[in-house]
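In order, the protein sequence lines correspond to chains A and B.
Okay, so the first sequence: first residue is 1 according to the numbering used here, each after it adds one.
Okay, so the second sequence: first residue is 126 according to the numbering used here, each after it adds one.
Hints may be right or wrong, so weigh each one.
What the hints assert, rightly or not - Here are some chain A residues pointing at chain B (derived, C-beta under 10 angstroms):
1. K6
2. Y31
3. S35
4. E38
5. V40
6. E43
7. A59
8. S62
9. V63
10. A65
To be verified - Here are the computed lysine-lysine pairs in the BS3-like style, where the Cα-Cα straight-line distance is at most 30 angstroms:
11. B:K339 x A:K102
12. A:K6 x B:K141
13. A:K121 x B:K471
14. A:K102 x B:K469
15. B:K472 x A:K102
16. B:K277 x B:K339
17. A:K18 x B:K414
18. A:K102 x B:K414
19. A:K3 x B:K472
I should point out that these hints are in silico values taken from the structure, not numbers from a laboratory.
Backbone N, C-alpha and C fix where the C-beta goes; we use that ideal spot for every residue, glycine too.
Given next are the chains, with one letter for each unit.
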Amino acid sequence: MSKIVKGLYYTNTHEWVKVEEGFAYIGITDYAQESLGEIVFVELPEEEDQAEAGEEFSAIESVKAASDVLSPITGIIVLVNDDLEDAPELINEDPYENWIVKVEMENKSEINKLLSAEEYKEICE
Amino acid sequence: MKKTVLYDSHLLANAKMVDFAGFMMPVVYTSITEEHNYVREKAGMFDVSHMGEFYVKGTEAEKFVDNIFTNDVVTMNNNQVLYGMMCYPTGGVVDDLLVYKINKDSFIMIVNASNIDKDFDWATKNNTFDCTLTNESENISEVALQGPLAEKILNKLTDFDLTTLPFFTFQYMKINNKDVLVSRTGYTGEDGFEIYADHDVILNVWNEILAEGKENVMPCGLGCRDTLRFEVALPLYGNELSKDISPLEAGLGFAVKLDAGNFIGKDVLVAQKLNRTTRRIVGLKLLDKGIIRHGYEVYHNDTLVGEVTTGYKSPCTGETVALAMIDRPYDKLKTELTVDVRGKRKKVVVRNKKFYQKSYKN
Numbered sequence: 001m002s003k004i005v006k007g008l009y010y011t012n013t014h015e016w017v018k019v020e021e022g023f024a025y026i027g028i029t030d031y032a033q034e035s036l037g038e039i040v041f042v043e044l045p046e047e048e049d050q051a052e053a054g055e056e057f058s059a060i061e062s063v064k065a066a067s068d069v070l071s072p073i074t075g076i077i078v079l080v081n082d083d084l085e086d087a088p089e090l091i092n093e094d095p096y097e098n099w100i101v102k103v104e105m106e107n108k109s110e111i112n113k114l115l116s117a118e119e120y121k122e123i124c125e
Numbered sequence: 126m127k128k129t130v131l132y133d134s135h136l137l138a139n140a141k142m143v144d145f146a147g148f149m150m151p152v153v154y155t156s157i158t159e160e161h162n163y164v165r166e167k168a169g170m171f172d173v174s175h176m177g178e179f180y181v182k183g184t185e186a187e188k189f190v191d192n193i194f195t196n197d198v199v200t201m202n203n204n205q206v207l208y209g210m211m212c213y214p215t216g217g218v219v220d221d222l223l224v225y226k227i228n229k230d231s232f233i234m235i236v237n238a239s240n241i242d243k244d245f246d247w248a249t250k251n252n253t254f255d256c257t258l259t260n261e262s263e264n265i266s267e268v269a270l271q272g273p274l275a276e277k278i279l280n281k282l283t284d285f286d287l288t289t290l291p292f293f294t295f296q297y298m299k300i301n302n303k304d305v306l307v308s309r310t311g312y313t314g315e316d317g318f319e320i321y322a323d324h325d326v327i328l329n330v331w332n333e334i335l336a337e338g339k340e341n342v343m344p345c346g347l348g349c350r351d352t353l354r355f356e357v358a359l360p361l362y363g364n365e366l367s368k369d370i371s372p373l374e375a376g377l378g379f380a381v382k383l384d385a386g387n388f389i390g391k392d393v394l395v396a397q398k399l400n401r402t403t404r405r406i407v408g409l410k411l412l413d414k415g416i417i418r419h420g421y422e423v424y425h426n427d428t429l430v431g432e433v434t435t436g437y438k439s440p441c442t443g444e445t446v447a448l449a450m451i452d453r454p455y456d457k458l459k460t461e462l463t464v465d466v467r468g469k470r471k472k473v474v475v476r477n478k479k480f481y482q483k484s485y486k487n
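If we strip away everything but chain B, and leave its shape as in the complex, we get (with noise of 0.2 angstroms):
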């Protein structure tokens, strides 16, 4: 099993571990709830050192990550960083990801430490091209900070005015003097940021973020990163992503630019775009008691329509909603169906998935 360098740290602040990935990794510290609502309203660090990181560097290197990747490479600036997936190219999903743009020859690519070597394995497969792959993961440390507080904390540890980096946006910068590249990016629907550091610095980073935070900052483990990111409709890998799904099925169109360039699986896509998706992923809502989870089946009346993805009572709205893929024409808003809950059906509502609003600062 593998540990990340904030292991210790995890285990001073009581924190409840547990295997994901092959790392142990901290689900909760004191409440999920807690920690939920503490990145909606000020602040909330994410241990991400599972994540995997790749570099590509080359003349070609921004060929290599266009014909790998769905959104649109060639468009991006320097120190953007853009969201989509790679293909197979059957349209299905290898894993979703972040590119980092350094300049023309060298990207960063971010990616599900899930995924890690599966997609180290199909990238350097298809890798016909004049640059250099390398996985990265083991080398570097990564934390995130996310809630309307993360800017005014972290700007007092940096060496660049953090407010003036846009969304979606990098900058290398100095923290207590030593290198640490931040992006204005996170997966929780709210502002924050996301630092990238040997090993040593984060440790550093982390701790310098708990002291400056003070009372406005708590440790949030991977129970609340789901949660968070399931009230946003954000996608999770493995639910609803998959080798099987497709990414418009999954309703992330906006990170497939079939217009653009050419990239593996988009055929597939393109005709699945002309031919709409025969399932798409919807949100649901419980009218009756209970919780609808990950894998349970959805119906009408007797018939098989779909599955839930994600499911959750969502600890801001109270509500329990699910993610679902759902075979169309049962995806339309305000269609009853009903999901099995071990052996007993309860009724669903189909509804919109962004069951919270985001708040990203631009």
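Bound-form chain A, shown alone (with noise of 0.2 angstroms):
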């Protein structure tokens, strides 16, 4: 059974969004890692770009394949989470922990339209 935390918001594509301060950082979820298998490199964006909700911002390669990670929320990328470059495995270690990506959110009413845990975990079922 993956692992679900509580107050973070999530997509049907298995993101996580963790809202502090106004910004939002953005991971994948315990069940996409563990889909996912052992994840070898992440493809991160670069500081400064935008994000469109929907859209895809990052690509995860497991040793078999790559997968796009699809942005929850739409804005500007203020800071990406570098480890990640050196030590891909760190998401499968913990998934929430490591986040990809804190954007600075266009349009807060956005996360209203995102899935709560409860809702997530249905789908994950």
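Got two chains here, separate frames each, mind docking them using the hints?
Quick look at the structure:
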């Protein structure tokens, strides 16, 4: 049974969002990392890139395949988690601690369109 | 969806199952890298029951196989195994396969699961000889035990001394008093064996090997089967081989005997050899970060010069490398090229395609 953290927002494509002081931290869920298997590379965007809700902003490469990561919300990427460049496996180890990007949200109400932990849990079942 | 006799064993071992060529097959049990390393360092066991087996029997069995197979069947010894291809008259590949010679009148062909029907149709259509061809794929199961400890583990179970079984030969023998065919073959670049038998016998063999091998063996899925064959540059049909790729372009000239008898496709291959192929499979090493994968386009400046056929971060060396079909003259060692990865150009350099050294036992 994969782990789901309460208080985060989720997408049906298995990304999570944590909102803190008006910024959104985005990562992939435990379910996603389990399905991918060992992650060997994370293609990171650049800071100041625009993230668009529903559009791909990063790609995660497992041993077997590449998967797009879709942005749950729209905004400017203000910070990229550089640790993932040399240690992509951190996402396998703790997918909720190791966010991929920090985004300055353009429209805070977008968050209401995302899934709650309870709603996301139903998708994973 | 078809299931092999080991389906329940895979579920019990927590395998992640996928549809492969119409079979529910294990892609990974624990992790691809762990399973990969087990095969390189100890022993790994694969369910390969989905592979196809055709029997060829009759006074002209040898003539039939010789006519359809690129390698030289006539000089084969009894109990020898030979790798090669079936080709179309165009020189493109129907499939790559193993041929087992029981005697002049009796052969077994082992073909890829994804090509069983196509291969059987092709073989049947070209059977103008005095021999019968039967598709036994549904009646035979198969496991492969691969790795440096494979001999030690399996030798405890067989009534035949496997230390006397040379590479690419086979023997009929018994495990637990049941008939099996064991060949010293495999597709991982390691020493190892492939065991063919009836379904219930294979279920027993699987369990016996796990019990005998204990911590020295683990079940391995299709995921690491692909990374293992890739590291030693063994081709996969659908990637390095297809109806549009000739064995010479794939670098498999060693399995194409142009100086022996006739076989379908030979004329085209002889001409290709004479004039050189216009492209060939090479190794690429990625100089930028990322992974390059099957289907990605390869460029020299702005000219499209080829396509990646398989790419991985090599579990054994940690380098990101790929096999790619590249037009000449961009196939030369150390040529700098780029690969289009999701719209971004990443730098690669042409290198030797043997990413890892095979360790077969002779």
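Taking the hints in turn, this is what the structure says about them:
no., hint, result
1, K6, "violated, 28 angstroms"
2, Y31, "violated, 13 angstroms"
3, S35, "holds, 8 angstroms"
4, E38, "holds, 5 angstroms"
5, V40, "holds, 5 angstroms"
6, E43, "holds, 6 angstroms"
7, A59, "holds, 6 angstroms"
8, S62, "holds, 8 angstroms"
9, V63, "holds, 4 angstroms"
10, A65, "holds, 8 angstroms"
11, B:K339 x A:K102, "violated, 47 angstroms"
12, A:K6 x B:K141, "holds, 27 angstroms"
13, A:K121 x B:K471, "violated, 38 angstroms"
14, A:K102 x B:K469, "holds, 23 angstroms"
15, B:K472 x A:K102, "holds, 29 angstroms"
16, B:K277 x B:K339, "holds, 12 angstroms"
17, A:K18 x B:K414, "holds, 28 angstroms"
18, A:K102 x B:K414, "holds, 22 angstroms"
19, A:K3 x B:K472, "violated, 38 angstroms"
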